[in-house]
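Visitor: Sequence:
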Amino acid sequence: MSSTRSSRFDRPGPGTALITGASSGIGRATAHLYAERGWSLVLCARGREGLEDVADQCRRRGAADVAIKPVDVSDGDEVHKMVTETVEQFGRVDVCVHSAAVMSYGTFLDTPAEVFDHAISVDLIGAANVARSILTVYRDQGDGHLVIIGSLLGRIAVPWMGTYVTAKWGLRGLTRTLQQEMQQYPGIHVSSVAPGAVRTPIYEQAATVVGRAGSPPPPVTTPEVIARAVDRVVRKPQRERDADAVFGYVNKVAALGYTVVPAVFDRLVGPLMWRFGISREPKDDAEGNVFRSRSPYRQ
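With the sequence shown counted from 1, adding 2 to any position gets you this note's numbering.
FYI, nobody ran anything at the bench for these hints, they're computed from the structure.
Cβ atoms here follow ideal geometry from the backbone N, Cα and C, with glycine treated the same way.
It is possible that some hints are incorrect.
Derived pair list, reagent style DSBU-like, types lysine-lysine, alpha-carbon separation capped at 35 Å [what the hints assert, rightly or not]:
#1 K238 with K83
#2 K254 with K285
#3 K238 with K254
Restraint ranges, calculated between C-beta atoms of paired labels, are given here [to be verified]:
#4 V252 with S281: 15 to 25 Å
#5 E226 with M275: 24 to 34 Å
#6 K238 with V266: 33 to 43 Å
#7 R230 with E87: 21 to 31 Å
#8 D58 with S281: 25 to 35 Å
#9 V266 with R230: 26 to 36 Å
#10 R39 with D112: 38 to 48 Å
All chains, please: the whole structure from these sequences, using the hints.
Guide: Here it is in structure tokens:
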């Protein structure tokens, strides 16, 4: 949205932030950042153990209040209940950062249909469930900011990651549609932060049918860098903090190559993906954490 529109930061003092995928990675780093600002936090993920650990960390970092809400974002009823309870407890939600996601490795034909379907349900339908509930709250309260964590893979396609690519392309379309539809509400913002590879547990926890674990391909950034990007779009609302604009020339070249010389891109992407995006570590785990959370959470 236009940066001239009103922002949560037009009002003094900390607010309340709801963060999905908060038990690790980008969600955890974002929770830490808002805790250090003295905000009240609502931390959401599927596993209670990981949430309790992050909640303790946030309290030590200065959060005004912390609530944990174990929730599966693919379940719309669970999400609606969680958002309703949050508003009842805190009165309002100022910022919602949606970062919950799962991943799987394998060709489309080799990936079990139930793994593909449920990964899409978490990554794409989960985002829609969160957006539907939180934007309804924002419409009622008159303002609020939804930040959706997208991906460079919402701009390009790579082999062996079809579930994630499909979800992120859909997520980008959903985000753009929401941005257009929310223009009629001057106080409501929808933004996307779309990084390339980030060093988070999502790769090691991913399902795989290729006989090897996944690996973040270079260039790899940290969750803290992405959390700061989230902070920037909340402070100065804009449509998208693009991967290629923020996180280096390699991502820019990849996105440009995919668009301008697709035949060349398609010839190169397979060997490069196998070399840099698939680790040498043997792994045979067709489900990973697609259907349920896994502990302990390795940070």
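Visitor: So, against the hints stated earlier in the document, which numbers end up violated here?
Guide: none
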